[in-house]
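In the order they appear, the protein sequences are chains W and U. Quick note on numbering that gives the first Met the number 0: the first sequence kicks off at 0 and runs consecutively. Quick note on numbering that gives the first Met the number 0: the second sequence kicks off at 0 and runs consecutively.
Errors might be hidden in some of the hints.
Unchecked claim - Pairs of lysine to aspartate or glutamate, DMTMM-like flavour, derived with a Cα cap of 20 Å:
| no. | chain 1 | residue 1 | chain 2 | residue 2 |
| --- | --- | --- | --- | --- |
| 1 | U | Lys76 | U | Glu127 |
| 2 | U | Lys178 | W | Asp13 |
| 3 | W | Lys4 | U | Glu166 |
| 4 | U | Lys112 | W | Glu21 |
Claimed, not checked - Footprint (simulated), chain U over chain W, 3 or more residues, beta carbon under 8 Å:
| no. | segment |
| --- | --- |
| 5 | 159 to 171 |
| 6 | 217 to 224 |
Hints listed in this document are in silico derivations from the structure and should not be mistaken for laboratory results. Positions of the beta carbon are idealized from the N, C-alpha and C atoms, including for glycine.
These are the residues of each chain, in order.
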Amino acid sequence: MDVPKRIVDDPSADSVARALIEDARVETAGPGGKARTLAALGLAGGAGLASTSTAFAGLKVLGAGVLVVGGVVGLGAWMMTREDPPAPVHAGSSVIAQPPVAPSMSVVTPVAETARTPDVAPRSDAPRIVPKSAPRAPAAPAASASSAAPSRLAEEARSLEVARRALEGHQARSALAALDRYERDFPRGELRPEATALRVEALAASGDESSAQALGRQFLSRYPGHPAVPRVRRAMGATNF
Amino acid sequence: MSPGAATKTEEPRARLARLVEEYFDAVFRAVRRFGAPPSLADDGAQQVFLVVASKLDTIAPTSERAFLFGTAFRVAKELRRRASDVPRSDDGERAVLSRADSSPDLEELLDRKRARIVLDELLAAMPEDLRAAFVLYEIEGLSVPEIAEALGLPQGTAASRLRRARECFDEGLARHRAKERFRGEKARSMANEAANENEGGA
Chain W
0 MDVPKRIVDD PSADSVARAL IEDARVETAG PGGKARTLAA LGLAGGAGLA STSTAFAGLK
60 VLGAGVLVVG GVVGLGAWMM TREDPPAPVH AGSSVIAQPP VAPSMSVVTP VAETARTPDV
120 APRSDAPRIV PKSAPRAPAA PAASASSAAP SRLAEEARSL EVARRALEGH QARSALAALD
180 RYERDFPRGE LRPEATALRV EALAASGDES SAQALGRQFL SRYPGHPAVP RVRRAMGATN
240 F
Chain U
0 MSPGAATKTE EPRARLARLV EEYFDAVFRA VRRFGAPPSL ADDGAQQVFL VVASKLDTIA
60 PTSERAFLFG TAFRVAKELR RRASDVPRSD DGERAVLSRA DSSPDLEELL DRKRARIVLD
120 ELLAAMPEDL RAAFVLYEIE GLSVPEIAEA LGLPQGTAAS RLRRARECFD EGLARHRAKE
180 RFRGEKARSM ANEAANENEG GA
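Could you put the whole structure together from the sequences, leaning on the hints where they help?
Here's what the structure looks like:
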């Protein structure tokens with residue numbers, strides 16, 4: 000198999016090309032990106048692999064900006080991932096009677112199938128969401144984020160993946176139905192901010208502009224440092240934000 | 000298997016955390032270089048790891064990198080599609096400038112900014128299939144079998160794309176140089192004209 004030498008290893012390669020590639024190889028994500036992802040996955044306080052500096056970066060982004068130690072890292076994760084019980088934004092009649100997501104959309108693997116919650120009719124009071132302008136202090140800071148069983152986190156992620164795939168397939172109503180199921184199955188899920196961002200996009204894609212705007216504003220107010228903010232803004236922009 | 004790949008006994012949470020720790024920057028870069036808008040690259044990287052979390056029990060230890068970058072490719076494609084529905088902002092500028100904290104001085108920052116803008120232009124001019132292979136091989140250092148697995152291709156096809164991608168990149172760089180030369184000559188010519196006019200008027 001004839002494969003070209005990598006540019007950085009090829010002495011005959013153009014020096015400018017080599018410089019461009021070498022620079023691209025050392026580019027890193029923005030500050031706090033990794034910490035936010037660990038927090039979003041409920042891993043910031045419990046896995047023992049997140050570096051202190053990374054965790055601090057996450058806290059900085061979250062506005063906790065004070066000197067903190069050890070277990071307080073878990074507070075950052077909690078603040079990033081927790082929501083209060085949702086409050087209705089609108090009656091959302093357009094998403095009440097959604098059909099279940101088509102089986103072909105499911106990304107659930109055979110192994111995971113056994114742990115999957117059964118499909119039921121979507122909730123009639125959705126879409127729901129968001130909360131107060133500032134999160135409350137948690138009663139048990141690190142525990143909520145770090146004690147979620149891996150299988151439960153995986154279930155959550157799978158549930159959202161169904162919604163995301165539906166959205167990718169331009170099936171906004173199916174995405175909303177999947178998000179309804181997510182909210183029903185994981186009322187205090189670790190991934191609720193991501194679910195909310197997806198709902199804003201799905202509402203916008205379904206043509207429910209006023210709900211997308213209202214939910215988007217709530218998301219931006221509650222999660223100003225969340226990585227999905229640009230995506231939410233774009234979805235809102237698509238509905239004349 | 001990559002250096003930090005999972006062992007049979009690795010606990011799922013620890014494995015997921017390790018993958019984020021080891022690969023977040025690489026996934027971010029890949030999402031970015033696959034063409035996602037810069038302002039969405041952070042979010043794209045996070046989405047990749049959400050997908051990983053949802054399928055962790057099905058990802059073979061030997062396929063971790065291929066899975067991560069294959070997912071990054073699909074996420075970037077989707078972000079690009081969604082972003083194309085909405086007017087662009089000054090995405091590139093902000094993304095580069097947001098990294099100011101990692102650059103020692105303004106000059107280096109500007110050099111990097113210019114380099115990344117040029118690279119973005121060269122990559123944007125490549126067909127998507129060639130671009131993906133090029134990014135994975137040249138920037139992320141994947142092997143041909145890994146690229147084939149990530150993109151769902153036979154190895155021969157992956158190798159062939161790499162060859163064409165390299166040609167395409169070299170041609171793009173040559174065109175870029177020609178354009179720069181033209182701009183430089185035009186600027187010099189305008190400066191000369193202005194100087195002549197001044198002399199004539201004096």
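Results for each hint:
At most 20 Å may separate the alpha-carbon atoms for a hinted pair to count; Lys76(U) and Glu127(U) meet this at roughly 9 Å. Using a Cα cut-off of 20 Å, the hinted pair Lys178(U) and Asp13(W) holds, with the two alpha carbons roughly 17 Å apart. Simply put, Lys4(W) and Glu166(U) have alpha-carbon atoms about 12 Å apart, close enough for the 20 Å limit, and the pair holds. Pair hint Lys112(U) plus Glu21(W) holds up; C-alpha atoms about 14 Å apart against a cutoff of 20 Å.
Proximity of the segment 159 to 171 of chain W to chain U, defined as three or more residues with a beta carbon under 8 Å from a beta carbon of that chain, is established by the 4 residues found. Check on the segment 217 to 224 of chain W: 0 of its residues sit with their Cβ under 8 Å from a Cβ of chain U, so the three-residue criterion for coverage is violated.
The structure shown violates just one earlier hint, number 6.
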